[in-house]
Amino acid sequence: MFSNLLIYFVVIPLLMLAGFAICKNVRQVRAVAVVGSILLMGLSAWVLCDYLTERAAGATAEMLMRADYTWFAPLNIKLSVGVDGISIAMLILSSIIVFAGSFASWKIDDARHFFMWLILLSTGVYGFFISIDLFTMFMFYEVALIPMYLLIGVWGTGRKEYSAMKLTLMLMGGSAFLMLSLIGIYFHSAPEGQPLTWNILEIARNVEETQCISKGWQYFLFPMCFVGFGVLGAMFPFHTWSPDGHACAPTAVSMLHAGVLMKLGGYGCFRVAMYLMPQAANDLAWIFLILTGISVVYGAFSACVQTDLKYINAYSSVSHCGMVLFAILMINTTALTGAIMQMLSHGLMTALFFALIGMIYGRTHTRDIRLMGGLMKILPFLGVGYVIAGMASLGLPGLSGFVAEMTIFVGSFEHTDMFHRVFTIVACCSIVITAVYILRTVGKLLFGPVFDPHHAELTDASWWERLSTITLIVSVAAIGCFPNFFESLIRFTFSPEIFRAIGLN
Amino acid sequence: MELTILWYLIPSLLMFCCGVYGFITRKNMIAMLISLELMLNAVDINFVVFNRFLFPGELEGMFFTLFAIALAAAETALAIAIIINVFRISEKIDVDDVTKMKY
Amino acid sequence: MEPVIPIIILALPLAMFLVLGLCGHKMAHRTAGILGTLGMGVTMVLAYITAFTYFFSGAPEFINAEGVRLQYVVFNPEWLSFYKDLAIKIGFLLDPISALLLVVITTISFMVHLYSNGYMRDHHGVWETGFQRFYAFLSLFSFSMLGLVVATNIFQMYIFWELVGASSYLLIGFYYTKPSAVSASKKAFIVTRFADLGFLIGILILSFYTGTFEFTDFTSVNVGKDTFAIDMSAPTAILAKFTSSPAPMFLGGSVLTWALVLIFMGGMGKSAMMPLHIWLPDAMEGPTPVSALIHAATMVVAGVYLVARLFPLYLMEETALNIITVVGALTAFYAAMVACTQVDIKRVLAFSTISQIAFMMVSLGVARPEFHHGLGYMAGMFHLFTHAMFKALLFLCAGALIHAIGSNDYTAMHGLRKYMPITHISFLIGCLAIAGIIPFAGFFSKDEILTAVFGHSIFWYIWMSAVAGLTAFYMFRLYYLIFWWKEHKIPEGHHAPHDQPWTMTLPLVILAIVSCVAGFVPFGNLVTWNGHPMFESVNFFTNLTALDWSVAAISLSVAVIAILIATVMYKKENPLPDKMKNALPRLWDWCYHRFYWDELYMFITHKIIFGCICKPIAWFDRHIIDGTMDGFAWVTQRLSFAIRGLQSGNIQFYVWVYLFGVVLLGAITAICLL
Amino acid sequence: MESVGSIIVYVVIALAIVICSVLAVTTRKILRAATYLLFALFATAALYFQLDYEFLGAVQIAVYAGGIVVLFVFSILLTSHPGDNSAKLASRKRVLGLTGALLLLIVAGYSLISRCEMITALPQGENPPMKFIGETLMGTGHGQYLLPFEAISVLLLACIIGGVVVARKNNN
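Chains as they are written, first to last, in our numbering: chain A, 1 to 505; chain B, 506 to 608; chain C, 609 to 1282; chain D, 1283 to 1454.
Bound-form chain A, shown alone:
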């Protein structure tokens, strides 16, 4: 059972939960959180090394480090784990953000329970990324969603009950669709007479070889599945939980939610919807392309006139996550690679944003940019961090946003028809609008004369805030400066089957 490395992604958080339960004071809680998140980071690095070694040694299986643990035989439900480059990228992302998030919530009230829920949430996230069994995946998905309600409802600010309720209900609505489609997939997961399976790899193989999910069923299941995951990926018009939810959530929760949880949506769209129903994906992509294309521009335009820092960032997330889904729907290696890069990049930079916003809010007690100004002079560290995050967001080369967006654009442009071209250009336009709202925010918040004289006495970041920020900045810069490492890690993953199945190459 414990010989497989991946299982520790679930075991460590569970041990941490037990640790929190026996902690006596805040210091011990912090110690457990920090040790645990460092362990997880180490584990993801180890898994990465292992994976690369195995690949270098010539392993050609789609997923490596495979293991199956049956836990409900009559329905063939297993805890099947396995990773490819994409999951590893996501695991690394999650562990970095959990690490940074632990430091960002250093001073939270009732730390023990807060961390318990936070780590439970991250258990769900890790579990989701390592499992390749649809049922287990869905279970971890729900595990990741539910704690959000309590985290926002209890530790949030502002209209927290309303936002927590809205967020949870909308995501639950999405997962209702999702569950329907997953069950639908399960019942068509194998040709007549063979045992049904939840295993993604087996289903994909069956779909390719025997067309066991007929075209009609694909047309029915694909939109449900895509919308189900798309809600979490903040796809227009199911994105409105995002601004309210983020605005009320505590810092670490925003970080984790925008940084990792929203990636579950994109990852799921790719891993389940596209992967298992390629024909429908190819035929129906245009509908979702329109929606995601709208998301991209619409989120950016909305962000231009917001006055709450978190709303700005939430809408910018709508735009950036829209880009992820947009690229996924382009269905070619380059764009898909770009989509995964964008997930990584957006996860890190938006976590950075939310961390900084939380830190600024903790000092000024307002998030309204009209009530702040000239903070750069008072809080230089946070200010510089914010500018760097902004630059990453608007796609400055050398930071992560640029490589992801460029890969997406180049990939999207491979489609020669007018429809894709137009939407690619529309998506390109977002880089200008992004610049507008980022610079507007930075200009109002950080530059100019000090708006509120009370702010002059604020103190700059403490060591744990610096650690959290620097971790994220370094990660953002690492992706931006050495993209080829990540690109090749991800690209190797795209098996040609999915493209062959839909007649592309």
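Careful: at least some of the hints might be erroneous.
[Stated by the list, open to error] If the Cβ cut is set under 7 Å, some of the chain D residues that face chain B in the computed set are:
| # | residue |
| --- | --- |
| 1 | Ala1296 |
| 2 | Gly1382 |
| 3 | Gly1444 |
[What the hints assert, rightly or not] Below are the EDC-like pairs computed for lysine to aspartate or glutamate, each with C-alpha atoms no more than 20 Å apart in a straight line:
| # | chain 1 | residue 1 | chain 2 | residue 2 |
| --- | --- | --- | --- | --- |
| 4 | C | Lys849 | C | Asp834 |
| 5 | C | Lys1097 | C | Asp1156 |
| 6 | C | Lys833 | C | Glu669 |
| 7 | C | Lys1094 | C | Glu1181 |
| 8 | C | Lys1094 | C | Asp952 |
| 9 | C | Lys849 | A | Asp109 |
| 10 | D | Lys1375 | B | Asp602 |
| 11 | D | Lys1370 | B | Asp602 |
| 12 | D | Lys1375 | B | Asp599 |
| 13 | C | Lys1097 | C | Asp1017 |
| 14 | C | Lys1179 | C | Asp952 |
| 15 | A | Lys377 | A | Asp460 |
| 16 | C | Lys634 | A | Asp452 |
| 17 | A | Lys160 | A | Asp109 |
| 18 | B | Lys597 | B | Glu507 |
| 19 | C | Lys849 | A | Glu414 |
| 20 | D | Lys1413 | B | Glu565 |
| 21 | D | Lys1370 | B | Asp599 |
| 22 | D | Lys1311 | B | Asp599 |
| 23 | D | Lys1370 | B | Glu563 |
| 24 | A | Lys160 | C | Asp1238 |
| 25 | D | Lys1311 | B | Glu596 |
| 26 | D | Lys1413 | D | Glu1336 |
| 27 | C | Lys1179 | C | Asp1017 |
| 28 | D | Lys1413 | B | Glu563 |
| 29 | C | Lys1189 | C | Asp1017 |
| 30 | D | Lys1311 | B | Glu565 |
| 31 | C | Lys1223 | A | Asp50 |
| 32 | D | Lys1375 | B | Asp601 |
| 33 | C | Lys1223 | A | Asp308 |
| 34 | C | Lys1097 | C | Asp1107 |
| 35 | C | Lys786 | A | Glu62 |
[As the list claims (entries may be wrong)] A few chain B positions that, by computed beta-carbon distances, are all more than 10 Å from chain C:
| # | residue |
| --- | --- |
| 36 | Asn551 |
| 37 | Phe560 |
| 38 | Pro561 |
| 39 | Glu580 |
| 40 | Leu583 |
It is worth saying that the hints were derived from the structure and are not from the lab. For each residue, glycine too, the CB sits at the ideal point set by N, CA and C.
Chains B, C and D: place on chain A using the hints.
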């Protein structure tokens, strides 16, 4: 003249209808309980009658009635305990007065 | 050639940026200044070595047996691969224009680094806050600009293009507590970003059809290991790829034209061509050395450089070249008109920069291989070189004046020639150079441009000559208004203005000397569009002897006349300027308000984009989309409130309903089944 | 063909059942209602005797008539004052109750009459011996009821405890 099954079922049906009428109309909870007993009793008669007429060699209906009587006893005891408790709190045992548990 | 020196050229400024940016605030100001300057000095020396090796070593990878200069890829590792062979590489391309730009950038950058040591402190020697940050940003800019000019592929260029934009943003907004500086930096970034959108789409189109980003694939053929010669067969092959594609036309133009025009749009943004020029005057909010470095000499010519880099490809599409010509010519005239009326000396210089860059654009636009081996190309690059020198000189002079006076406004200056002789002489040299007076640098390059334009079309020749006249006029107007007229009374207790410390005057003197002699550089043998030398043999006076005197005489006389008019009007305080202003009030007004471009943009951005797009969308989102979502919740809640009355708690009612249901079912069963 | 005696007995029992039931739900004195219920239960027991289920009839009398009705009487005495009449019924309620009961009567009666004619005679059967009943209750084989028997006994126990808990006087 012959006593067919119908002759036995009609009184039971009438008894049941009386129970229904009483249950719907009476306000006093004990009176409602009495109506309930009537209905139960009517059902018991049915079991016995069907057993006797259709399956004379078996005893399922009879045993069922036996158990039903035991259940009725249990149910009545509990219901009366509740009613007495309600009476203690509100000095009344009208069903309309017990509204705390609605919604 | 060993890649060590090129690597250091790129790495040193980057290292400086990182060191100064991360540890700068712990350093003493002087240390940071010296470190930055030294770093740039070393980079400059290395760049000189590289350029000298390229031009004069005669090594076979740089020049072939026929004397044709080749393109040489020093190194080109992959940075980000997309698919198949398409990858972004970060490399180092040596060819005439990149070697030329290496020299220009490092020289001006070094001068500015040196000069800033004096400029960024006040008269009492107190350092400007954020001095180290300033040097860090200067280093970042130098790194980005060097990366841009040595780009081996168009995507590398785009990467560094964005980076120079960002460093320009940071430097314009250096005084970040000043709202005008903040908004100017924002404007600069967004306007250029908008232009870059065009550039990006152009790149996407180009790379999609050709399957490559490499400049060497666009414009040249491989003649040896890592060496390439500019050859028309390469762009012709590209053109063939476009014309043989399934959809060679788009909205009445060929796709290649669209790609090239879109790429040129990026150049228009950076080089402040007409509809996208509005950021450059505002960018003068940055510290003056920054204006000299970025907004006069280097970054703003990136657009020209881009067109020059792809010039053989542009030759394939006359339409694109004509568009460049027209845009350039209109911008040149417009900027010159506006420059005649401005009060802020840096604004005058900014508009003059726009006008001069437009000269280079026109020059590229009219260049054709048929005419004097593409004289326009050479002239444009020549002008880029000389303009960088004398415009940096002018800006640095302006910086010295501003530093001494404490105002940007010429009305606060007047009669400074007695107090600041070195600055006066340097400024005069700069003015003479830009006005095109023989033998200063600007004369030669501008004369070559006019010759090229003359060879293309008489109309544009007359037009550009008029612009040249205007140039001479407004520069001397500025000169007289600053240095002549009656000086202001010096208030009690204040020192008279005086020349600045050596760190500031030394760059002035050096640049002044360069502006005097740069015109004699035999450019025709160094930089031509296809690497072929123009002259058989060269000596110091080649440029002079090769002059087309008919054109030169006309432009000289135009310049002299313009200077004379300026002298009459502005040498002493007199009513002539006011008379002229009153004679053409409308024209003066439009020029003074820069033809209301800024107001137009304000209208578009604030009223249309913010007011009619962003706000409605935000409203729509909060009220319609979110309203719908909330509406679901509301309906559910209302509905449950509405039906909760059924859950009355009245057990008798429940029984009745239940009974009714049973009876109904029973009746249905009885009627239908029995 | 039945003997006249049994018909007369039947008529008496049936009339007692119906009349007592009607009176039990219509009388306004609650104690009388309990009494009528008692008579109805006795009549039912008589019916069981007539159908040869003597054990069942005995249980009916012992548990129902003897146990439950006594419970009723006690609780009535505990919760109401002698001489109290319950309030007159609201006509709306009476109409509701009447419609319900009548509808049920019509539908069920129609089904009964239209279906049950074919089963005519009372088949010959004898009184089940006590030993058999005891074995059936205690056995675990097919058609034997030890498990339900035990379940009922546990349930009764639970009811006793529950009754005590619920009805216990709350001292605080």
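How the hints compare with the structure:
no., hint, verdict
1, Ala1296, "holds (4 Å)"
2, Gly1382, "holds (6 Å)"
3, Gly1444, "holds (5 Å)"
4, C:Lys849 - C:Asp834, "violated (24 Å)"
5, C:Lys1097 - C:Asp1156, "violated (49 Å)"
6, C:Lys833 - C:Glu669, "holds (8 Å)"
7, C:Lys1094 - C:Glu1181, "holds (8 Å)"
8, C:Lys1094 - C:Asp952, "holds (19 Å)"
9, C:Lys849 - A:Asp109, "violated (65 Å)"
10, D:Lys1375 - B:Asp602, "holds (16 Å)"
11, D:Lys1370 - B:Asp602, "holds (17 Å)"
12, D:Lys1375 - B:Asp599, "holds (14 Å)"
13, C:Lys1097 - C:Asp1017, "holds (16 Å)"
14, C:Lys1179 - C:Asp952, "holds (18 Å)"
15, A:Lys377 - A:Asp460, "holds (10 Å)"
16, C:Lys634 - A:Asp452, "violated (28 Å)"
17, A:Lys160 - A:Asp109, "holds (16 Å)"
18, B:Lys597 - B:Glu507, "violated (50 Å)"
19, C:Lys849 - A:Glu414, "holds (16 Å)"
20, D:Lys1413 - B:Glu565, "holds (16 Å)"
21, D:Lys1370 - B:Asp599, "holds (13 Å)"
22, D:Lys1311 - B:Asp599, "holds (14 Å)"
23, D:Lys1370 - B:Glu563, "violated (47 Å)"
24, A:Lys160 - C:Asp1238, "holds (15 Å)"
25, D:Lys1311 - B:Glu596, "holds (18 Å)"
26, D:Lys1413 - D:Glu1336, "holds (13 Å)"
27, C:Lys1179 - C:Asp1017, "holds (17 Å)"
28, D:Lys1413 - B:Glu563, "holds (15 Å)"
29, C:Lys1189 - C:Asp1017, "holds (19 Å)"
30, D:Lys1311 - B:Glu565, "violated (38 Å)"
31, C:Lys1223 - A:Asp50, "violated (51 Å)"
32, D:Lys1375 - B:Asp601, "holds (12 Å)"
33, C:Lys1223 - A:Asp308, "holds (14 Å)"
34, C:Lys1097 - C:Asp1107, "holds (18 Å)"
35, C:Lys786 - A:Glu62, "violated (57 Å)"
36, Asn551, "holds (15 Å)"
37, Phe560, "holds (23 Å)"
38, Pro561, "holds (26 Å)"
39, Glu580, "holds (15 Å)"
40, Leu583, "holds (16 Å)"
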